[in-house]
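With these hints in hand, go ahead and build the complete structure from the sequences.
Residue numbers (the UniProt record's numbering), protein chains in the order written: chain A, 1 to 154; chain B, 1 to 154; chain C, 1 to 154; chain D, 1 to 154; chain E, 1 to 154; chain F, 1 to 154; chain G, 1 to 154; chain H, 1 to 154; chain I, 1 to 154; chain J, 1 to 154.
Because the hints were derived from the structure by calculation, they are not lab data.
Do not rely on the hints blindly, as some may be mistaken.
One-sided excerpt, in silico: chain G residues whose CB lies under 7 Å from chain F [as the list claims (entries may be wrong)]:
no., residue
1, R29
2, E47
3, W72
4, R122
5, G139
6, G146
Given the structure is predicted, the values throughout are model-derived calculations rather than measurements.
We put the CB at the ideal spot given by N, CA and C, even for glycine.
Protein chains: 10
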Amino acid sequence: MSDTIYSNLKQLGGDTVQPRSPEEAELERVQNPQADVAYNVRFTAPEFTSLCPMTGQPDFAHLVIDYVPGQWLVESKSLKLYLTSFRNHGAFHEDCTISIARRLVGFLEPAWLRIGGYWYPRGGIPIDVFWQTGEMPEGVWIPDQGVPPYRGRG
Amino acid sequence: MSDTIYSNLKQLGGDTVQPRSPEEAELERVQNPQADVAYNVRFTAPEFTSLCPMTGQPDFAHLVIDYVPGQWLVESKSLKLYLTSFRNHGAFHEDCTISIARRLVGFLEPAWLRIGGYWYPRGGIPIDVFWQTGEMPEGVWIPDQGVPPYRGRG
Amino acid sequence: MSDTIYSNLKQLGGDTVQPRSPEEAELERVQNPQADVAYNVRFTAPEFTSLCPMTGQPDFAHLVIDYVPGQWLVESKSLKLYLTSFRNHGAFHEDCTISIARRLVGFLEPAWLRIGGYWYPRGGIPIDVFWQTGEMPEGVWIPDQGVPPYRGRG
Amino acid sequence: MSDTIYSNLKQLGGDTVQPRSPEEAELERVQNPQADVAYNVRFTAPEFTSLCPMTGQPDFAHLVIDYVPGQWLVESKSLKLYLTSFRNHGAFHEDCTISIARRLVGFLEPAWLRIGGYWYPRGGIPIDVFWQTGEMPEGVWIPDQGVPPYRGRG
Amino acid sequence: MSDTIYSNLKQLGGDTVQPRSPEEAELERVQNPQADVAYNVRFTAPEFTSLCPMTGQPDFAHLVIDYVPGQWLVESKSLKLYLTSFRNHGAFHEDCTISIARRLVGFLEPAWLRIGGYWYPRGGIPIDVFWQTGEMPEGVWIPDQGVPPYRGRG
Amino acid sequence: MSDTIYSNLKQLGGDTVQPRSPEEAELERVQNPQADVAYNVRFTAPEFTSLCPMTGQPDFAHLVIDYVPGQWLVESKSLKLYLTSFRNHGAFHEDCTISIARRLVGFLEPAWLRIGGYWYPRGGIPIDVFWQTGEMPEGVWIPDQGVPPYRGRG
Amino acid sequence: MSDTIYSNLKQLGGDTVQPRSPEEAELERVQNPQADVAYNVRFTAPEFTSLCPMTGQPDFAHLVIDYVPGQWLVESKSLKLYLTSFRNHGAFHEDCTISIARRLVGFLEPAWLRIGGYWYPRGGIPIDVFWQTGEMPEGVWIPDQGVPPYRGRG
Amino acid sequence: MSDTIYSNLKQLGGDTVQPRSPEEAELERVQNPQADVAYNVRFTAPEFTSLCPMTGQPDFAHLVIDYVPGQWLVESKSLKLYLTSFRNHGAFHEDCTISIARRLVGFLEPAWLRIGGYWYPRGGIPIDVFWQTGEMPEGVWIPDQGVPPYRGRG
Amino acid sequence: MSDTIYSNLKQLGGDTVQPRSPEEAELERVQNPQADVAYNVRFTAPEFTSLCPMTGQPDFAHLVIDYVPGQWLVESKSLKLYLTSFRNHGAFHEDCTISIARRLVGFLEPAWLRIGGYWYPRGGIPIDVFWQTGEMPEGVWIPDQGVPPYRGRG
Amino acid sequence: MSDTIYSNLKQLGGDTVQPRSPEEAELERVQNPQADVAYNVRFTAPEFTSLCPMTGQPDFAHLVIDYVPGQWLVESKSLKLYLTSFRNHGAFHEDCTISIARRLVGFLEPAWLRIGGYWYPRGGIPIDVFWQTGEMPEGVWIPDQGVPPYRGRG
Ligand SMILES: [Ca+2]
Ligand SMILES: [Ca+2]
Ligand SMILES: [Ca+2]
Ligand SMILES: [Ca+2]
Ligand SMILES: [Ca+2]
Ligand SMILES: [Ca+2]
Ligand SMILES: [Ca+2]
Ligand SMILES: [Ca+2]
Ligand SMILES: [Ca+2]
Ligand SMILES: [Ca+2]
Ligand SMILES: [Ca+2]
Ligand SMILES: [Ca+2]
Ligand SMILES: [Ca+2]
Ligand SMILES: [Ca+2]
Ligand SMILES: [Ca+2]
Ligand SMILES: [Ca+2]
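As structure tokens, then:
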């Protein structure tokens, strides 16, 4: 099986080279086959990890990305490799979350995009970061992300 | 027992032939017996499966469809058979979810319709697809679909 | 103990005769003792059952009814008996849910009413039916019904 | 430790006399120390019980009260004693819930107040009662009460 | 690794002196590296404790703070030390919750801020306190805090 | 498709006649195709209803049946019709639950069987009934039924 | 409908007089119709309340009682009235829970009985009391009571 | 990277050919690198589907397999392909579940193995199938599978 | 109301002096009024806090204590004050948890006792500590503590 | 504050050097201050990540370790650094989980130890690995780890 809109893809189905940094990672995109309607695509990435820029110790986050595609869809394997490329990258929680979203915005030119970054606790206090490109577009359905709150123990 | 608005139905209560493709599947409809009020009907289909168009491997999704009927209600057994007909059909997550919704829109001419496609994770990252035909109709009650977020493990 | 607004009630506290059909069931109402404020009353009825009009087999539903009373409150025991009277009645999910709501609307003349009918799965796919009489009244508090989504197994 | 705004309190920290009826219960109030901002205070009272006015049998409810204080805060121990005073009082669910809220409204003159009364099931059907004094005030944060729906068994 | 916007920080990565009171605690801030977009930062602090000003006995709360930064981000370790400094401070629930929020507002000059204080029950009745600086800013994404309601036992 | 061990079945795949009482209902059985190993089969029946023998009013239960088959498996459609046949049958909770189990024991001659009957509350107090034919057989895996406890409200 | 084993019952189906104390409450029993097998009956009573013997203030508990009947079953309405009779009775948590169980043991002479008393928190710390008459009987199925642990807030 | 114990693997990392039936599927195994200790490996497969042998309609199950390896570990990709090969295979729930387990037992010669098959409801009643090869081995840790019970709706 | 077995109590109902250290805290006990049966008493204390002996920073824990009383019951207010007295005490998690249990063992001479200490995470990894005085006593009912596992985020 | 049993620790409270491999990581231990009683210590590590030895792509796991200390306690910061050192290490799920446990067994010489490795899904199927050093020691309390099962979506 194949699909002509995917004929340019380099990483899907071929040998994968793990990018060593976000800069090295190459996002790929395909034409949106349903570009005449406005819909929302959600990626849930519970396997995100980066490094603390001050101490070099690993940080972990559960990321959820929603976007309303314009002409392009992100190819999901290239997105996974891009997220994996933060493994040895140092960035603060706020900065890291927002910069992932902004790279996607620049590359996909979506009608709308948001990111929720739910970071594992440090010092007993988790940080969550929430950003969207602006008002939700009228008439498009964007459900709550619904991630449960942190409770400590008990 | 019988009901005249159902007298044209072919698949309900008779022998069922499993359609081999979405094209072959025949949706059926009955007149909406409460067509003078605007209400919402929700179908939850946790047993959806199709094939990946690139690799031929099976994909799975949990689908939830909401619609506000106009003159027609979809007959639920024909809907089930239609969904089952994707079993050997290759389609990407975004395309597959949206095309199911659009076929229902064309066939039922509902006042409003939306679909949530909650796909099982591949590469550790599930994709959800959300579409509706436009703004929710004024004064009609459409609750959240409330599907819990994917959490990985732990 | 007694209460004059309840002095006309026939079924509450007396011998109960189980009505054999919705037509035979007699709803009762009392004057709303707080009719000068607009508030919402919710009934949750997880024990609803009726028959399939095509096959005669039992169907089950979890019903939730919200209403903003006008001059009348429904007496809860008569409501229970009315709901129980569907036990041997044949009706499709959509029709049955809406007709319960409409009988209450006609009898109580509420400021506003809605019903959520959460039907047990048939063919692996549950149907939910949602109706309200129109826009939620301004400034009245009507919380989500919050019924969890169907998940299949696992 | 002490606090001058609390110097008039009679029941807090002293001997407590359990009031025998709602009429006998004495609510107390203190000046709102943050009266220049509009915020919401929520009390959750899962230990409410009263009597059925028809049969004299006990009823139970889980109550949640939200209010945006004006010049006064309710003193929490006096609120507890007031709620406890319904122990031998006969009142229907709708009437009882609304009258608690209205007494607080009269005594505290809040900017806004609402009550959710979640009553334990009788005849298999619980009743919930929801009231608020009017539109939520603009720009004040009033979260959902989030009480889970009744499910019967299973 | 280091980062120039953090070069003024005194408490992060160095020896920590536990402040003995909120007055003694020193909040620190860094420049917002993404100040050209409006996003929300959430801190969840399930380890908050203070003293009752009337009896001197400990109180406990689960705090959640959301803010939309302007030019400044709060440094998270200094926030933790500030919250910890209430350990021997006497304050009522309403007063304590609001004053934490107001100190952050004065120090960070955020575009918007809110706090939810979920206090452990006393006398069987927990108090929750909710405040925000005003209407949510248009187009910024601020999810529900989603803390589950208190249920008593059972 | 067919299967010779099923060639005697009368109700599966044919026209179904709803039995009017437990006595009239006909259970069917097929040979156990894996009779040389000891395994457990669990049926979960959340749609059970019968009548109260004193008042004639409907009762509801969630039933879970575990059995270790000997030479026979119960045919699931005939089990469903048998359970449905209690719809107009009067029986107390304890008696009804145990008699269902004993009929299955007599008909299937299983190596072991148990039933959990989780009845909806009456008078605010649900009754659960648990029975098994004796000690769990050694080395056979019988997981907990795991039905959550009844909580009232809140 | 009637049933000869129930012909002696005084409170079920007749007028109910609420007993004013545990001593005044009259438990009733019927012959166990399935006395030749050993099974477990569970009552869940989330509406229990008594008074603190030191302060006279109300206490609340969620009670769960399991018993393996011998010759007698407790009639459930008389059990409800017995539990309700503690409404104005002073007793400590440990004493109250155990004495309920022992009265049932004396009256029913069951093969085995246990009680779990899950008391609402006082001073932030709930007390649970667990008692059984001795080892679980061999081969009888007694599932966990499964009441969730107390969590405070958050 | 590579690993000599994996040098014989044919399907992992190479091109995958989807087997068309369980007979055609080829399981693969590797030497157990920790064969001197007894431990448990659990596979959770929520994406299982087969066909009903009577009607040809799809069935769905959530499968959980535990085994204590002897000399061999199953290679996980070959297990996935084996499970996928049931997609067009007709088998009853009991038979299908047990036969998967027995093929693994024959191929892996494990110290112990069990399977839990949690099938989606048909006719409102799900079937679960549980089998193990015999008593749990002494001193080996095998936790509960903990799959939540089916609840219907509400 | 009073009770002679409580006539020696000093802290209950009188003025409370908060002890400044575990050594200063005075536990109190009363005679076990049901000393002729063996039952379990559980205290759940979600408000425990102490200090880290190395850094002086606060630690938090959710504690659950089960004990089977002999001749003595611990008076619950004195237990609360004892637990509160760790507020300014430095102790490691393992040491602190075990020493609380051992003091109770020495003071109460129970038939059996256990403690579960569920500590809030530090460095992303919570520690739980579990101790009991020995084998559970035969025939006494000691349910699981059932505290949910820590999940990080997502 | 200090504690003589901790005087040899090198990594706690000092500068931390992140070890680059498991071999390089140095575990540290302190004398067990409660070595005369047998208790269980549980570490929950939801932030574990390693690499696939075949493809080099990251794997994620949620690890739970229980051990009954002998003469030694593991110092928790050194444990965290050891677990973090797998970040760039290639190992299969089964091998990796067991080898972590065995290194702890060799270093701590505990009375008993177990590990649960709950790996994130690959190919839609998560693997869990469970090992313990042998039978649970008599009379020591080791609760279930209670990690919820993987559910896919919906
Ligand atoms: Ca907590
Ligand atoms: Ca919503
Ligand atoms: Ca809402
Ligand atoms: Ca599933
Ligand atoms: Ca149910
Ligand atoms: Ca929301
Ligand atoms: Ca309760
Ligand atoms: Ca179990
Ligand atoms: Ca409650
Ligand atoms: Ca808590
Ligand atoms: Ca277990
Ligand atoms: Ca239900
Ligand atoms: Ca258990
Ligand atoms: Ca996680
Ligand atoms: Ca257990
Ligand atoms: Ca699902």
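What are the numbers of the hints that this structure violates, sorted from low to high?
1, 3 and 4
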